[in-house]
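Trainee: Kindly produce the complete structure, drawing on both the sequences and the hints.
First to last, the protein sequences are chains W and Y. Under the working numbering, the residue at position 162 of the first sequence is numbered 162, and the numbers go up by one with no gaps. Just remember that the working numbering sits 1000 ahead of the position in the second sequence, which is counted from 1.
I should point out that these hints are in silico values taken from the structure, not numbers from a laboratory. No residue lacks a Cβ here, since even glycine has one placed at the ideal position from N, Cα and C. Please note: incorrect hints may appear among the correct ones.
[Claimed, not checked] Label-pair ranges, simulated between beta-carbon atoms:
1. GLY167/W to LYS1015/Y: 50 to 60 Å
2. GLN16/W to THR1123/Y: 51 to 61 Å
3. THR1123/Y to ARG194/W: 46 to 56 Å
4. CYS144/W to THR1214/Y: 48 to 58 Å
5. THR152/W to ASN1127/Y: 45 to 55 Å
6. PRO1105/Y to LEU9/W: 26 to 36 Å
7. LYS1057/Y to GLN10/W: 16 to 26 Å
8. PRO49/W to MET1221/Y: 34 to 44 Å
9. THR1123/Y to ALA50/W: 23 to 33 Å
10. ASN1127/Y to LEU53/W: 40 to 50 Å
11. CYS144/W to GLY1135/Y: 32 to 42 Å
12. MET30/W to LYS1015/Y: 43 to 53 Å
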Amino acid sequence: MNKNLRSKLQTELKNQSDLQISEQHLIQTMRQAHIAHQSRRQRERIRYPAFLLRQIRFVGATVWMFQVFLLLCAFWIFRIADLGTVSNFAPRHLPVLLGCFAVFIAMTSIPFIGRSIQYGMLEIEMATRISIPKLLLTRIFIICIGNVLLLTVSFLLVRTKAEFGMGSVALYLLLPYLIACCGFLFIQTYTHSRYQGFVSTSFCFSLIALLLVLYKTAPVVYEQTSIGVWGGLCVLCGIILLIGIYRLLDKPISLDLSSNGI
Amino acid sequence: MELTIQELTKRFKGKTAVNNVSLTLTTGVWGLLGANGAGKTTLMRMVAGILTPTSGKIQYDGIDIKTLGEAYRDIFGYLPQTFGFYPEFTVTDYLQYMASLKGLPKKETNQKIDDLLHQLTLTDVRNKHIRKLSGGMQRRVGIAQALLNDPDILVLDEPTSGLDPGERIRFRNIISEFAQQRIVLISTHIVSDVEYIANRNAIMKDGKIIAVETTDELVKMMDGKVWQGTIPTEQLHHYERTIRIVTVRNEDGGSVSVRYLSENQILPNSQPTVPRLEDLYLWLFRGEEAVKEEEV
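Mentor: In structure tokens, the structure reads:
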């Protein structure tokens, strides 16, 4: 702290050509700054982990309820219903089924990421101590806990039934999930309207439709020979997703609340 | 404690909402008066740090609020003009949520919420969903959240819209009590809101601050320009087109008592009367109707 303050002061003093810089000046200024800081009203504030825990009540409770519902669906689809005995749900259909399910998993986050804009809370939230990037990061983190759990359970349930390797199962789940996440992070970053949720939902349903159409018209996409491409696309989507999260977190800092804004 | 606004300008596409505004806010209640579209909300948003100025800067005790960042937001309370809430929130949920965003420790939060609910007479509805409350009650919840962190700087944008007269008086008392050793900036076009509690007022028109004075000094500017007279009812229509009438009151015997603004006496037998801040507002904002207390 003192080191940072010292270097900042030195830089500032260098810009003042008519001031003589000396160690004594620095020490005196730092002492005055310290006194000024101490004289301010001391406020006890919670740290980030405490904030994260308190947000579970407001975000986690609802999103996890959605995710528990999906978890039950996963058990029903992948475990309880014996896929092999139903001709239309033979294990060969698993890749597309996994893909569609992964998109539904991603969709559980839609009502929570952009809700500040949807319900006109952004302005009031932006003026609070916790910054919007921190708040968004917290929401993403809470949602991701459930998503990771769902993806893992789906993976474990399907693993035994699949005709293909564990890596392939993981990719069939991951790629559609990552594409869905990338898609609506893009929408969140560039669409500042109350219809973000609707646009994101439409995007996800379009993605599901695309997966089904591909399965019908180009089944080669789901064959083991294409698994390398799935892997490559997963890495690419992972990178895009990280950039998307970074941009989403960075965006509200310079958000311009124009007359057409919030 | 001082909040300095220096040559602040904000331009939107093709429109200058705030034009080179400079203002130094010291402790006490400040009224920011202006007609709709004068630039009050844009100025408020820049003071709140949620809107980036096109040029100029805002400093709190000599330090740019951008540099202060979290430390500034920590001592800041804000009620925006449009008050949003999540539909599943009860009053308590909402205040708990806002307290967490303001970083308040849990034990302090509960005590503070109880106090504010009591002060703003919301205790009975603490477990009700906000969406089921009346507009006035929702506004009071908004005021409560702004006060949660005991802010040094409190910015309220149209805080009394939707409040009934009794609630507005209670609000004024709370703010007057709260404002000691703090900066409170209230933006409004309801003149009576700030007339009795503001230490100083800034009047904004077309994105510029056109006057900064105490209420008494501002009212003094209207000395000799406010008149009271009585005319026959049938002449009212004629005079309404030629002079700026503030209030009309029916009298016995087919006449009306008229309060009007003019540099000179126009109605026969009319007398100069004691001006109010509302008169100045109407004088400055020709053609722009002030929201009169009885209309709210």
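Trainee: Mind checking the hinted window 43 to 53 Å against the Cβ distance between MET30/W and LYS1015/Y?
Mentor: 45 Å, holds
Trainee: Does 45 to 55 Å hold as the CB distance between THR152/W and ASN1127/Y, or does it fail?
Mentor: Cβ of THR152/W to Cβ of ASN1127/Y: about 38 Å, so the range 45 to 55 Å is violated.
Trainee: Return holds or violated for the Cβ distance of THR1123/Y and ARG194/W against the range 46 to 56 Å.
Mentor: Violated - the Cβ-Cβ distance for THR1123/Y and ARG194/W, about 33 Å, lies outside 46 to 56 Å.
Trainee: 32 to 42 Å was suggested as the range; check whether the CB atoms of CYS144/W and GLY1135/Y agree with it.
Mentor: The hinted range 32 to 42 Å holds for CYS144/W and GLY1135/Y, with Cβ atoms some 38 Å apart.
Trainee: Using the C-beta atoms of PRO1105/Y and LEU9/W, is the stated range 26 to 36 Å upheld?
Mentor: Hint holds: Cβ distance 33 Å, inside 26 to 36 Å.
Trainee: Is the gap between the beta carbons of ASN1127/Y and LEU53/W within 40 to 50 Å?
Mentor: For ASN1127/Y and LEU53/W the Cβ distance comes to about 23 Å; the hint is violated.
Trainee: Could you check the hint for me, namely that CYS144/W and THR1214/Y are 48 to 58 Å apart, CB to CB?
Mentor: 55 Å, holds
Trainee: When you take the CB atoms of PRO49/W and MET1221/Y, is the distance between them in 34 to 44 Å?
Mentor: 56 Å, violated
Trainee: Is it true that the C-beta distance of LYS1057/Y to GLN10/W lies inside 16 to 26 Å, as the hint says?
Mentor: Because 23 Å falls inside the window, the suggested range holds.
Trainee: For the pair GLY167/W and LYS1015/Y, does the Cβ-Cβ distance stay inside 50 to 60 Å?
Mentor: This hint holds: roughly 57 Å between Cβ atoms.
Trainee: Given the hint of 51 to 61 Å, is the C-beta distance from GLN16/W to THR1123/Y inside that range or not?
Mentor: 56 Å, holds
Trainee: Given the hint of 23 to 33 Å, is the C-beta distance from THR1123/Y to ALA50/W inside that range or not?
Mentor: For THR1123/Y and ALA50/W the Cβ distance comes to about 27 Å; the hint holds.
Violation of the numbered hints given earlier is confined to hints 3, 5, 8, 10; the remaining hints are satisfied by the structure.
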